[in-house]
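Using this note's numbering, the first residue of the sequence shown is number 244, and each one after it goes up by one.
Since the hints were derived computationally from the structure, they do not count as laboratory data. Predicted model, so just to flag it, every value in this text is computed and none were measured. Here a beta-carbon is modelled for each residue, glycine too, at the ideal position from N, C-alpha and C. Heads up, a few of these hints could be off.
[What the hints assert, rightly or not] Have a look at the derived ranges for each label pair, beta carbon to beta carbon: (1) LEU474 - THR378: 37 to 43 Å; (2) ASP490 - GLU459: 28 to 34 Å; (3) GLU459 - ASN426: 24 to 30 Å; (4) GLY473 - ALA397: 32 to 38 Å; (5) SER433 - PRO480: 36 to 42 Å; (6) PRO305 - ASN460: 40 to 46 Å; (7) GLU263 - SER401: 37 to 43 Å; (8) VAL244 - ILE444: 55 to 61 Å; (9) LYS483 - LYS369: 18 to 24 Å; (10) THR353 - ARG493: 41 to 47 Å; (11) GLY427 - PRO273: 37 to 43 Å; (12) ILE487 - PRO328: 32 to 38 Å; (13) ASN489 - ASN411: 19 to 25 Å; (14) THR378 - PRO328: 19 to 25 Å.
[Unchecked claim] Straight-line distance between alpha carbons at most 20 Å, and here's what the computed SDA-like set of lysine to any residue pairs gives: (15) LYS333 - PRO374; (16) LYS309 - GLY280; (17) LYS256 - PRO374; (18) LYS333 - THR349; (19) LYS414 - ILE458; (20) LYS256 - THR286; (21) LYS369 - LYS448; (22) LYS333 - GLU356; (23) LYS414 - ASN455; (24) LYS256 - PRO273; (25) LYS369 - VAL469; (26) LYS414 - ASP375; (27) LYS448 - THR420; (28) LYS414 - TYR366; (29) LYS256 - GLY280; (30) LYS309 - PRO328; (31) LYS413 - GLU468; (32) LYS413 - LYS448; (33) LYS414 - ASN460; (34) LYS309 - ALA290; (35) LYS256 - ASN271; (36) LYS413 - SER454.
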Amino acid sequence: VDGLKYTIYPNNKADLIANEYNREGEFNIPSTFSYDGNDYTVTDIGARCFYGCNSITNIVIPTTIKEIGDEAFYNCNGLTSITIPEGVTKIPNNCFESCSNLASVTLPTTITELGDYIFDNCYNLKSLSIPDAVTKLGNGCFRWTGIGTLTIPANVTSIGSYCFYSSNLKKLRMLPTTPPTCNGDLGLPSDATIYVDEAAINVYKGTEPWSNYNIENPDGFPIGEVVVDGLKYRIYPNNKAELIANDYNR
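I would like the entire structure built from these sequences, with the hints used as guidance.
Here is the structure:
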């Protein structure tokens, strides 16, 4: 239907499983469609559905979508931003791998798991907010990204091997009071710092692989960036600030 291939079911639901590769610019995934006199609701995006769609810059996903398949947006080099709707509970394996221009990802509050290598080689992705409901981060989840600081929610109990390998991540804020399990090394740069609450510092220092890194209290972890009188500052919990940019026409 309109160049999109669906698997249809007797309950009038449908999975989007393939599309034409020559789409360009912004693409809106339909929430419903009609076929042979019946109306269908699109609830799933199939595995590799948009694999290699290099000319799409933004994909609008309808709120009817509840599940996304592995590698759904793999190697979409032109993709710059995407918002995952509420109701989706997992970002599957390799979902956005090699989306080299992806700079903005908005995740829903319903997400509980980030799969393996989902942002691998997304080196233009400089920031991400992980929802509080997330409990698991997959292997190589943030490998080769541009993220410099990241906060891990309190409910995370498991982090995959080399989750942060070869990333720019230098400051990692851990909200879990108990160190999440990890089946290998974290893959953080050797000069990275992990920030944990004062009461949890000794626990992290005594638990591998966390003990392989510098662990400090949260005073050194930035809580945001603000612009005042044309000057951009990075601010910290101890009321200190770092001047990081200014108007060039002074």
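So, going through the hints one by one against the coordinates:
1. The hinted range of 37 to 43 Å is satisfied by LEU474 and THR378, whose Cβ atoms lie roughly 39 Å apart.
2. Distance hint check for ASP490 and GLU459: the Cβ-Cβ separation is about 33 Å, which falls inside the suggested range of 28 to 34 Å.
3. Range check, GLU459 to ASN426: Cβ separation about 25 Å, and the 24 to 30 Å hint holds.
4. Under the hint 32 to 38 Å, the C-beta atoms of GLY473 and ALA397, about 36 Å apart, fit the expected range.
5. For the pair SER433 and PRO480, the supplied restraint of 36 to 42 Å is violated, since their beta-carbon distance comes to about 25 Å.
6. A hinted range of 40 to 46 Å for the beta carbons of PRO305 and ASN460 is consistent with their spacing of about 44 Å.
7. Range check, GLU263 to SER401: about 38 Å between beta-carbon atoms, so the 37 to 43 Å window is met.
8. A hinted range of 55 to 61 Å holds for the C-beta pair VAL244 and ILE444, which are about 57 Å apart.
9. The hinted range of 18 to 24 Å is satisfied by LYS483 and LYS369, whose Cβ atoms lie roughly 22 Å apart.
10. For the pair THR353 and ARG493, the beta carbons lie near 46 Å from each other, so the given range of 41 to 47 Å is met.
11. Taken as a hint, the range 37 to 43 Å holds for the pair GLY427 and PRO273, whose Cβ atoms sit roughly 41 Å apart.
12. Remark: the range hint 32 to 38 Å for ILE487 to PRO328 is upheld by a beta-carbon distance near 33 Å.
13. Distance hint check: the CB atoms of ASN489 and ASN411 are about 22 Å apart, consistent with the given range 19 to 25 Å.
14. The hinted window of 19 to 25 Å between THR378 and PRO328 holds, with their beta carbons roughly 20 Å apart.
15. With a C-alpha separation of about 11 Å, the suggested pair LYS333 and PRO374 falls inside the 20 Å cut-off, and the hint holds.
16. Distance hint between LYS309 and GLY280 is unfulfilled; the C-alpha atoms sit about 25 Å from each other, more than 20 Å.
17. For the hint linking LYS256 to PRO374, the alpha-carbon distance of about 28 Å lies beyond 20 Å, and the restraint is violated.
18. Annotation: proposed proximity of LYS333 to THR349 holds, straight-line Cα distance about 13 Å (limit 20 Å).
19. A C-alpha spacing of about 10 Å is found between LYS414 and ILE458, which places the hinted pair at or below 20 Å, so the restraint holds.
20. Restraint check for LYS256 and THR286: satisfied, since their Cα atoms lie roughly 7 Å apart, inside the 20 Å limit.
21. The straight-line distance between the Cα atoms of LYS369 and LYS448 is roughly 28 Å, outside the 20 Å bound, and the hint therefore fails.
22. Pair hint LYS333 plus GLU356 holds up; C-alpha atoms about 5 Å apart against a cutoff of 20 Å.
23. Annotation: proposed proximity of LYS414 to ASN455 holds, straight-line Cα distance about 14 Å (limit 20 Å).
24. In summary, the hint linking LYS256 to PRO273 is supported, as the alpha carbons are separated by about 13 Å, within the 20 Å threshold.
25. For the suggested pair LYS369 and VAL469, the alpha carbons sit about 17 Å apart, so the restraint of at most 20 Å is met.
26. For the hint pairing LYS414 with ASP375, the CA-to-CA distance comes to about 19 Å; that is within 20 Å, so the pair holds.
27. Restraint check: the Cα-Cα separation between LYS448 and THR420 comes to about 12 Å, which is no more than 20 Å; the hinted pair holds.
28. Restraint check for LYS414 and TYR366: the C-alpha separation of about 17 Å stays at or below 20 Å, so the hint holds.
29. Between LYS256 and GLY280 the alpha-carbon distance is near 14 Å, which keeps this suggested pair within the 20 Å criterion.
30. Of the supplied pair hints, the one linking LYS309 and PRO328 holds, its CA atoms being roughly 8 Å apart against a limit of 20 Å.
31. With a C-alpha separation of about 17 Å, the suggested pair LYS413 and GLU468 falls inside the 20 Å cut-off, and the hint holds.
32. The straight-line distance between the Cα atoms of LYS413 and LYS448 is roughly 18 Å, inside the 20 Å bound, and the hint therefore holds.
33. Of the supplied pair hints, the one linking LYS414 and ASN460 holds, its CA atoms being roughly 12 Å apart against a limit of 20 Å.
34. Among the hinted pairs, LYS309 with ALA290 is consistent with the structure: their alpha-carbon atoms are about 14 Å apart, no more than 20 Å.
35. A threshold of 20 Å between alpha carbons decides the hint, and for LYS256 with ASN271 the separation of about 18 Å falls inside it, so the pair holds.
36. Simply put, LYS413 and SER454 have alpha-carbon atoms about 16 Å apart, close enough for the 20 Å limit, and the pair holds.
This entry does not satisfy hints 5, 16, 17, 21, going by the numbered hints stated previously.
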